[in-house]
Amino acid sequence: MSEQHQDCEILAAHQVALLAAIQNRLIPSQDEMPGAGDAGCAQTVDRFLKERPALRRPIFAALNAVEAAAGECAQASAADEASTHVGFLALADTERDAVLRAVEAAQPDLFRTLVNQTYSAYYTNPAVLLILGWNPPQPEGHPTPPPFDEALLENVKQRGKLWRDA
Amino acid sequence: MAPTNAMADVLIIGAGASGAAAAWSLASGGLDVVCLEQGDWVDPTDYPHSSPDWELHRQTDFAKDPNVRQRPEDYPLNNDDTPIVPLMFNAVGGSTIHWSGHFPRFRPSDFRVKTLDGVADDWPITYWDLAPYYEQNDANVGVSGLSGDPANPERTPRQTPPLGLDTATKTYIRGLEELGWHWWPTDNAIITAPFGEGRQACNYCGPCDMGCPIGAISSAHVTYWPAALAQGVRLITRARVREVTVDRRGRASGAVYYTADGGIDQLHARVVIVACNGVGTPRLLLNSVSSLFPHGLANSSGLVGTNLMFHPVTFVTGVFSDPINGYVGPLGMVLHSQEFYETDTGRGYVRGFQIQMGRESGPLSTALGNFPGEKVPWGADHHRVQRELSAHTLTAAVMIEDLPEAHNRVEIDATLTDSSGIPAPRIVYEVSENSRRCLDYAIARGRDLLDAAGATQIIGQPITRETGWHLMGTARMGDDPANSVVNGHGQAHDVPNLFIIDGSLFVTSAAVNPTSTIQALALYVSDWLKQNFRDVAS
Ligand SMILES: Cc1cc2nc3c(=O)[nH]c(=O)nc-3n(C[C@H](O)[C@H](O)[C@H](O)COP(=O)(O)OP(=O)(O)OC[C@H]3O[C@@H](n4cnc5c(N)ncnc54)[C@H](O)[C@@H]3O)c2cc1C
Numbered sequence: 050m051s052e053q054h055q056d057c058e059i060l061a062a063h064q065v066a067l068l069a070a071i072q073n074r075l076i077p078s079q080d081e082m083p084g085a086g087d088a089g090c091a092q093t094v095d096r097f098l099k100e101r102p103a104l105r106r107p108i109f110a111a112l113n114a115v116e117a118a119a120g121e122c123a124q125a126s127a128a129d130e131a132s133t134h135v136g137f138l139a140l141a142d143t144e145r146d147a148v149l150r151a152v153e154a155a156q157p158d159l160f161r162t163l164v165n166q167t168y169s170a171y172y173t174n175p176a177v178l179l180i181l182g183w184n185p186p187q188p189e190g191h192p193t194p195p196p197f198d199e200a201l202l203e204n205v206k207q208r209g210k211l212w213r214d215a
Numbered sequence: 005m006a007p008t009n010a011m012a013d014v015l016i017i018g019a020g021a022s023g024a025a026a027a028w029s030l031a032s033g034g035l036d037v038v039c040l041e042q043g044d045w046v047d048p049t050d051y052p053h054s055s056p057d058w059e060l061h062r063q064t065d066f067a068k069d070p071n072v073r074q075r076p077e078d079y080p081l082n083n084d085d086t087p088i089v090p091l092m093f094n095a096v097g098g099s100t101i102h103w104s105g106h107f108p109r110f111r112p113s114d115f116r117v118k119t120l121d122g123v124a125d126d127w128p129i130t131y132w133d134l135a136p137y138y139e140q141n142d143a144n145v146g147v148s149g150l151s152g153d154p155a156n157p158e159r160t161p162r163q164t165p166p167l168g169l170d171t172a173t174k175t176y177i178r179g180l181e182e183l184g185w186h187w188w189p190t191d192n193a194i195i196t197a198p199f200g201e202g203r204q205a206c207n208y209c210g211p212c213d214m215g216c217p218i219g220a221i222s223s224a225h226v227t228y229w230p231a232a233l234a235q236g237v238r239l240i241t242r243a244r245v246r247e248v249t250v251d252r253r254g255r256a257s258g259a260v261y262y263t264a265d266g267g268i269d270q271l272h273a274r275v276v277i278v279a280c281n282g283v284g285t286p287r288l289l290l291n292s293v294s295s296l297f298p299h300g301l302a303n304s305s306g307l308v309g310t311n312l313m314f315h316p317v318t319f320v321t322g323v324f325s326d327p328i329n330g331y332v333g334p335l336g337m338v339l340h341s342q343e344f345y346e347t348d349t350g351r352g353y354v355r356g357f358q359i360q361m362g363r364e365s366g367p368l369s370t371a372l373g374n375f376p377g378e379k380v381p382w383g384a385d386h387h388r389v390q391r392e393l394s395a396h397t398l399t400a401a402v403m404i405e406d407l408p409e410a411h412n413r414v415e416i417d418a419t420l421t422d423s424s425g426i427p428a429p430r431i432v433y434e435v436s437e438n439s440r441r442c443l444d445y446a447i448a449r450g451r452d453l454l455d456a457a458g459a460t461q462i463i464g465q466p467i468t469r470e471t472g473w474h475l476m477g478t479a480r481m482g483d484d485p486a487n488s489v490v491n492g493h494g495q496a497h498d499v500p501n502l503f504i505i506d507g508s509l510f511v512t513s514a515a516v517n518p519t520s521t522i523q524a525l526a527l528y529v530s531d532w533l534k535q536n537f538r539d540v541a542s
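From first to last, the protein sequence lines stand for chains R and F. Note that the numbering used here numbers the first sequence so that position 63 is 112, with each residue one more than the last. Note that the numbering used here numbers the second sequence so that position 80 is 84, with each residue one more than the last.
Nothing false has been slipped in among the hints.
Label pairs and their in silico Cβ distance ranges:
#1 R:K99 with F:E182: 48 to 56 Å
#2 F:D455 with R:I180: 29 to 37 Å
#3 R:F109 with F:G266: 27 to 35 Å
#4 R:K206 with F:V293: 51 to 59 Å
#5 R:R101 with F:E182: 42 to 50 Å
#6 F:P157 with R:D198: 19 to 27 Å
#7 R:A176 with F:H299: 56 to 64 Å
#8 F:P76 with R:K99: 16 to 24 Å
#9 R:P192 with F:A135: 31 to 39 Å
Which residues of chain F face chain R? A partial, calculated answer using Cβ under 10 Å:
#10 S55
#11 R116
#12 P154
#13 G168
#14 L180
#15 G184
#16 T196
#17 N207
#18 A371
#19 L372
#20 Q390
Facing chain R, from chain F, some residues (calculated, C-beta under 7 Å):
#21 S54
#22 E59
#23 R111
#24 A155
#25 Y208
#26 C209
#27 V332
#28 E346
#29 P367
#30 W382
#31 H386
Keep in mind that the hints were calculated from the coordinates and are not lab data. Quick reminder that beta carbons are idealized off the backbone N, C-alpha and C, glycines included.
With the sequences and hints as input, model every part of the structure.
So this is what it looks like as structure tokens:
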């Protein structure tokens with residue numbers, strides 16, 4: 050268990066850190082909006098993985114793909130140095146974005162899962178929804194709008210019968 | 005309560021929109037009715053609408069696609085060979101648990117497409133045969149709207165007033181009036197004022213597609229089922245029918261089903277009604293193989309499962325610079341336009357389409373592009389685009405008439421089964437050339453509308469996959485047993501005490517949502533059956 054993040058049951062600690070870092074590039078912090086990783090979306094995705102095992106394979110594969118692409122990116126930028134494994138976490142933000150774009154182009158389906166699950170975690174996060182001013186639809190609903198005004202239908206009514214006899 | 009192995013007058017399989025209406029009607033006529041339903045009652049506390057993660061449930065336990073939802077009572081579908089996937093819900097109330105409640109009627113011309121337009125077939129019944137049942141159904145379920153639409157025959161005043169005049173509605177009206185098109189407040193099976201017991205008027209919360217926790221939307225579990233149970237109907241839930249059984253004379257004798265605890269039980273009835281929807285009904289008939297019916301029950305024509313129709317749908321979204329707050333109010337909206345409903349061959353296709361004004365949903369659905377059709381980009385632009393779209397979009401759904409084609413079909417998959425081991429359906433469907441031309445024309449009109457309404461950007465999709473809400477045509481009505489599965493009373497040509505009452509009956513699909521017609525048909529068939537029960541049952 051020592052390998053696993055204390056809040057997570059499916060992802061190992063290094064995967065949680067990697068996922069959070071990726072998520073902070075997918076939905077970065079800006080003004081009052083937190084980055085997705087900082088908002089705890091990696092932990093939320095871990096819950097999704099627990100509840101929906103079918104998501105595990107694509108998410109694990111996506112994380113591996115990002116790590117592999119990060120290694121290639123680091124090697125390319127340090128071509129003459131001895132090649133040592135450098136992961137996504139060691140890269141600067143612009144390099145991280147380049148890595149993510151490369152994975153998106155090479156493995157669009159995997160990447161889509163990563164993005165969809167990150168969006169799903171972010172836009173159901175109570176703190177994020179509070180900032181956006183979103184309450185759940187019930188029990189209050191929304192204020193009832195003014196009643197429909199039949200006078201608006203005058204032009205349509207004047208056209209007369211519009212259906213065919215049969 | 006009578007034991008389940010007693011002989012019932014009528015066994016109804018499926019407790020959705022049609023099964024519920026028939027159960028009420030037949031029991032009101034004094035018949036002993038029992039209904040088998042594979043799902044259960046939806047616990048009102050299960051609806052996600054009060055939870056911060058409500059939008060997540062669109063992807064999980066309240067997803068429209070049973071293959072995504074994967075509740076134990078759902079059956080899987082092989083959708084590898086279809087660009088449109090069937091959507092449904094399996095519970096008491098059936099797919100009306102999370103429908104949008106749009107409740108238009110077919111027009112008289114929809115029953116006469118062969119005579120009028122030279123395509124497909126005429127129905128064996130007319131609009132005027134169904135008209136009293138449309139009225140009866142509206143009175144039973146509760147409809148909001150306004151009578152007087154010049155694009156449809158007259159109808160009585162609606163049970164409750166139309167939905168209110170919010171910003172989204174006013175924005176659409178601006179565009180429609182500018183273009184001079186027909187429009188009218190849609191009949192919605194959503195109550196806007198007190199109606200029925202234990203139901204509240206709509207409070208404009210928004211996501212009808214995940215069910216209505218306050219009973220404002222007229223789903224069958226809050227309309228017909230309480231009334232049917234009060235009439236003595238026995239509803240057995242978590243009862244999954246494997247096959248309709250037949251006796252030595254080739255008459256339907258009942259059904260074999262799996263019980264909640266995994267056991268097998270059998271029920272006998274004088275008359276059997278199948279109400280499992282346009283996919284579930286052909287699946288059950290094709291699975292009901294016997295020495296007398298080696299190709300499936302009631303299938304001497306070979307037509308069971310064929311002529312599957314959806315309504316191909318696409319969404320055209322407009323982005324507006326001012327806030328529209330489209331998330332306020334029922335997702336299905338208040339207006340429709342039938343300007344392009346009837347055939348005009350100058351447009352390059354036959355038959356027509358309806359434009360339904362649609363809204364927006366919550367922030368997750370915006371981010372995922374569920375309605376705009378394009379996902380909000382990740383990265384530095386994410387928050388800006390999300391802000392520009394949220395509360396600033398409207399999506400017109402263009403829904404076209406689908407014509408029947410024998411090669412579009414429901415068949416039994418060779419290997420796939422549900423959790424009880426019952427063979428599952430495989431869908432084989434392609435969008436016809438006529439439909440493609442109609443869709444192209446309809447998308448262009450959707451763009452015209454949003455443009456006239458003031459959209460600054462318009463996003464259109466060629467066709468949308470998760471739109472198989474309407475399942476029709478797979479056991480169609482007709483006078484000729486070689487060319488249809490049931491007659492004009494829903495009675496199987498091959499098996500006189502077997503009836504079908506759901507969308508499978510449809511000869512053609514019209515270009516409007518089907519459920520008011522499905523329920524009117526269920527009441528029409530039930531009325532005939534009540535009057536002829538003695539003959540049919542003996
Ligand atoms: C998301 C969504 C939105 C929709 N919006 C609209 C709308 O706005 N307007 C409109 O007119 N229509 C709409 N529809 C369609 C509408 O819900 C259906 O037309 C209607 O419910 C069909 O009624 P039915 O009785 O034929 O089948 P259903 O309501 O689907 O009921 C069939 C029932 O049969 C049961 N069943 C199936 N097989 C078996 C078996 N082997 N054993 C036991 N039970 C079985 C199922 O569990 C189910 O409960 C929508 C549908 C969806 C999914």
